[in-house]
Amino acid sequence: MKKDKILLGHGSGGKLSHDLIEEVFFKHFSKEKILFPTDSSILNVENGKLAFTTDSFVVDPIFFPGGNIGKLAICGTVNDLAVAGARPMWLSAGFIIEEGFMLSDLEIIVKTMASEAEKSGVSIVTGDTKVVGKGFCDKIFINTSGIGFLPEKNVHISKGEKIEKGDLILINGNIAEHGMAVLKAREISRFEGNILSDCTALNKMIWKILGECEIKFMRDATRGGLATVISELVQDRNFGIELWEEEIPVTDEVRGFCELLGYDPMYVANEGKIVMVVSAKDAEKAAEMMRETEEGKNAAIIGKINDQHKGMAVLKTAIGGRRVIDMLSGEQLPRIC
Amino acid sequence: MKFIDEYRDKKLIDRLVTEINTISTKQIRLMEVCGGHTMAIQRFGIPSLLPHNVRLISGPGCPVCVTSRKYIDHLIALCRIDEVILTTYGDLIRVPGSSSTLELERSRGKDVRIVYSILDALQLARENPQKKVIFAGIGFETTTPPTAAGVLTAKNENLRNFFVLSAHKVMPPAMEALIDEGIQIDGYIAPGHVSTITGSGIYEPLTRKFGVGCVISGFEPADLLESILMLVRQIEYQQPAVEIQYKRAVRPEGNLVAKAMIEKVFEPCDDWWRGLGILPASGLKLKDEYADFDADKIFNIEIEPTRDDKGCICGEVLKGIKSPKECKLFGKACTPSDPAGACMVSSEGACHAYYRYNRL
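Those protein sequences? They're chains V and B, same order as listed. Counting from 1, one number per residue, gives the positions in the first sequence under our numbering. Counting from 1, one number per residue, gives the positions in the second sequence under our numbering.
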């Protein structure tokens, strides 16, 4: 009998598990790349450094405008590697699935993961599935870990060791889209208007710019939004940051929803936005290179590094006022990724 | 974006700022008594645009902040009753009680739920007839009408498992008390949302009695600056008055339907305000007619003795005597993620707003 729902037995390690791996996971995560269904995958490593990261995804709802939990699980981990200056290579994928979950939904998610992995040039080389009883997890949770090659010359980027006065700060497009898309899908779907999550892998765009511009720092502005990345970056540092509110790209639609619901777009999550600090001489070029790509078409230079108010980030508001940018405290919105 | 950008127009803002600078000569202190204003003022960096002689101070405008610790302790005691579902607006959940918070109680398995509207609480009561659903009714005249509507709905539907613990308050007694205490306040930026319900009349006695002007303001930068300009004019020309800047939302008579609803369900009572103590007729309690829905009367429980926080100067901050930055806990032992006082918990609290936006 053809099964249409996940059963506890799918996580037993027995026949059903085997079938699930064959019929869903291997079908989409191409087999030769997974090598063998063994306990460990064997990877060939070049000389040099590796970057290694992990992330778990529990977004609610699992399907949202602009993506689903599977797309998020690939893009999130790929981006975490890419912003460290690494070239993402291999991913693992671990699934925790609730009994009764629709197999057809699982297949959509797995398919998305396969196509996102392909697009961003990474291979899913190992995985795991567990099934828990109904009510013990919410539909499906995914964990992905990733390994990437980190060229020696990029090692300084994740800590921003070379940041200096005069460097400019870039973002590759409109902020706050993921958080508002998920919130809208979850809480206020009856409102008109369509906000798509910006969830996307950024490694190809980043890699290109890395080759031609002097990048001093990168971070993807996920939970906590742009404001949190900026205030983390400046903390305990020997420089200050000035951001220009007027230059920060936000669509009217997102701004409208933020106003309506009392959110500050600066603090709303993104899943395809990177904050990049670039030397002044290369900033315009980096912005241009971003704009040539789909994921960076609304890129903008939004601020600069200075030597005033050290350790603090200041926003020049659109009306000419000034205020501090601080980290998000608490949870603005749970389960957005 | 329409209806927003007009009020954030740089040229308009510049014009208002220039005019304030031209007219203003006196050292003045203007107080806002609405948490929404506190947030907007800090978020847009309004103080950095004003001349040095015009100081903005934050008053007791955040309902969570002025609520007594005893009320939090009362909610905590209620949520510990087995069959109770305690529903509250999100702000209250992290406010420290004497020895616990609602958040802590929730993590210990007590049924505490955040609702966005009293309608959600009513729905919970309908869906869980075997449970007792208590709604924490706090806030000023903006949140009081929905609570009144909730109680009336429960009565109409004969919903016997729905209760309200009211800590609703009215604003004018606090505004008078501050001036009575001798705090220098030269003008009030009067609350916009409260006034959509009450109208402008509630501030008239205060202006007559103390000669302090009130301008009811909107929440956009141009609104706030225009209100400040109107107050500066009143002060410079010595013509204190009640004026409405926020004309697109506030009518002099207010919202008559909402007012009637409040009057139907609530009656004034003496109430305790953090920083101000007990103020006569500053609170609202359910009328006897609605005693069946009054959690205070229905649940006979023991509330732990209130223990007050040491070192926290929330009281003085709420009165505008001290700025959050003068508190020795501010930013160290008291931050939004680990708050010592209520003013740091609520996103509308003065300490929270200062911490987020104004540590320059």
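Since the hints were derived computationally from the structure, they do not count as laboratory data. Incorrect hints may appear among the rest.
Label-pair ranges, simulated between beta-carbon atoms [to be verified]:
| no. | chain 1 | residue 1 | chain 2 | residue 2 | range |
| --- | --- | --- | --- | --- | --- |
| 1 | B | E127 | V | L260 | 50 to 58 Å |
| 2 | V | E232 | B | E127 | 41 to 49 Å |
| 3 | B | I321 | V | R335 | 53 to 61 Å |
| 4 | V | D307 | B | D296 | 26 to 34 Å |
| 5 | B | T18 | V | R335 | 45 to 53 Å |
| 6 | V | L260 | B | K247 | 44 to 52 Å |
| 7 | V | H156 | B | K325 | 46 to 54 Å |
| 8 | B | E127 | V | I42 | 53 to 61 Å |
Quick list of in silico lysine to aspartate or glutamate cross-link-like pairs, DMTMM-like style, CA-CA up to 20 Å [claimed, not checked]:
| no. | chain 1 | residue 1 | chain 2 | residue 2 |
| --- | --- | --- | --- | --- |
| 9 | V | K304 | V | D128 |
| 10 | V | K165 | V | E232 |
| 11 | B | K10 | V | D252 |
| 12 | V | K208 | V | D326 |
| 13 | B | K2 | V | E98 |
| 14 | B | K332 | V | E253 |
| 15 | B | K110 | B | D73 |
| 16 | V | K130 | V | E98 |
| 17 | B | K11 | V | E253 |
| 18 | V | K5 | V | E161 |
| 19 | B | K10 | V | E22 |
| 20 | B | K2 | V | D128 |
| 21 | B | K2 | V | E294 |
| 22 | V | K281 | V | E242 |
| 23 | B | K332 | V | D236 |
| 24 | B | K10 | V | E247 |
| 25 | B | K110 | B | E316 |
| 26 | V | K316 | B | D338 |
| 27 | B | K332 | V | D326 |
| 28 | V | K316 | B | E263 |
| 29 | B | K11 | V | E245 |
| 30 | B | K10 | V | E242 |
| 31 | B | K10 | V | E246 |
| 32 | B | K2 | V | D105 |
| 33 | B | K325 | B | D338 |
| 34 | B | K2 | V | E253 |
| 35 | B | K2 | V | E246 |
| 36 | B | K287 | B | E316 |
| 37 | V | K130 | V | D39 |
| 38 | V | K297 | V | E232 |
| 39 | B | K2 | V | D264 |
| 40 | B | K10 | V | E245 |
Ideal Cβ placement from N, Cα and C applies to all residues, glycine included.
Do the hints match the structure? See the list:
1. B/E127 with V/L260: 50 to 58 Å: Since B/E127 and V/L260 have Cβ atoms about 28 Å apart, the given range 50 to 58 Å is violated.
2. V/E232 with B/E127: 41 to 49 Å: Holds, at about 42 Å.
3. B/I321 with V/R335: 53 to 61 Å: violated, 42 Å
4. V/D307 with B/D296: 26 to 34 Å: violated, 58 Å
5. B/T18 with V/R335: 45 to 53 Å: At 48 Å between Cβs, range holds.
6. V/L260 with B/K247: 44 to 52 Å: Roughly 21 Å apart at Cβ, these two residues miss the hinted range, so it is violated.
7. V/H156 with B/K325: 46 to 54 Å: Given range 46 to 54 Å: violated, Cβ gap about 36 Å.
8. B/E127 with V/I42: 53 to 61 Å: Holds, since B/E127 and V/I42 (Cβ atoms, about 55 Å apart) stay within the stated range.
9. V/K304 with V/D128: Roughly 44 Å separates the two Cα atoms, so the pair is violated.
10. V/K165 with V/E232: Within the cut-off at roughly 17 Å; holds.
11. B/K10 with V/D252: holds, 18 Å
12. V/K208 with V/D326: violated, 31 Å
13. B/K2 with V/E98: violated, 45 Å
14. B/K332 with V/E253: With a Cα-Cα distance of about 38 Å, the restraint between B/K332 and V/E253 is violated, given a limit of 20 Å.
15. B/K110 with B/D73: holds, 14 Å
16. V/K130 with V/E98: Holds. V/K130 to V/E98 sits at ~9 Å (cutoff 20 Å).
17. B/K11 with V/E253: At roughly 24 Å apart (the allowed maximum being 20 Å), V/E253 and B/K11 break the hint.
18. V/K5 with V/E161: violated, 51 Å
19. B/K10 with V/E22: violated, 61 Å
20. B/K2 with V/D128: violated, 50 Å
21. B/K2 with V/E294: Between B/K2 and V/E294 the Cα gap is close to 28 Å, so the pair fails against 20 Å, i.e. violated.
22. V/K281 with V/E242: Between V/K281 and V/E242 the Cα gap is close to 18 Å, so the pair holds against 20 Å.
23. B/K332 with V/D236: Holds, at about 15 Å.
24. B/K10 with V/E247: Since the Cα atoms of B/K10 and V/E247 sit roughly 14 Å apart, the hinted pair holds (cutoff 20 Å).
25. B/K110 with B/E316: With a Cα-Cα distance of about 34 Å, the restraint between B/K110 and B/E316 is violated, given a limit of 20 Å.
26. V/K316 with B/D338: Violated. V/K316 to B/D338 sits at ~28 Å, over the 20 Å cutoff.
27. B/K332 with V/D326: Given pair B/K332, V/D326 holds - Cα atoms ~15 Å apart, limit 20 Å.
28. V/K316 with B/E263: It is violated: about 45 Å lies between the C-alpha atoms, which goes past 20 Å.
29. B/K11 with V/E245: Judged against 20 Å, a Cα distance of about 16 Å means the pair holds.
30. B/K10 with V/E242: It holds: about 19 Å lies between the C-alpha atoms, which stays within 20 Å.
31. B/K10 with V/E246: Satisfied, since the Cα-Cα distance of roughly 11 Å is no more than 20 Å.
32. B/K2 with V/D105: violated, 40 Å
33. B/K325 with B/D338: holds, 16 Å
34. B/K2 with V/E253: holds, 11 Å
35. B/K2 with V/E246: holds, 16 Å
36. B/K287 with B/E316: Roughly 33 Å between the alpha carbons, so the hint for B/K287 and B/E316 is violated.
37. V/K130 with V/D39: Satisfied, since the Cα-Cα distance of roughly 15 Å is no more than 20 Å.
38. V/K297 with V/E232: Given pair V/K297, V/E232 is violated - Cα atoms ~26 Å apart, limit 20 Å.
39. B/K2 with V/D264: Roughly 18 Å between the alpha carbons, so the hint for B/K2 and V/D264 holds.
40. B/K10 with V/E245: Distance of about 12 Å is within 20 Å: holds.
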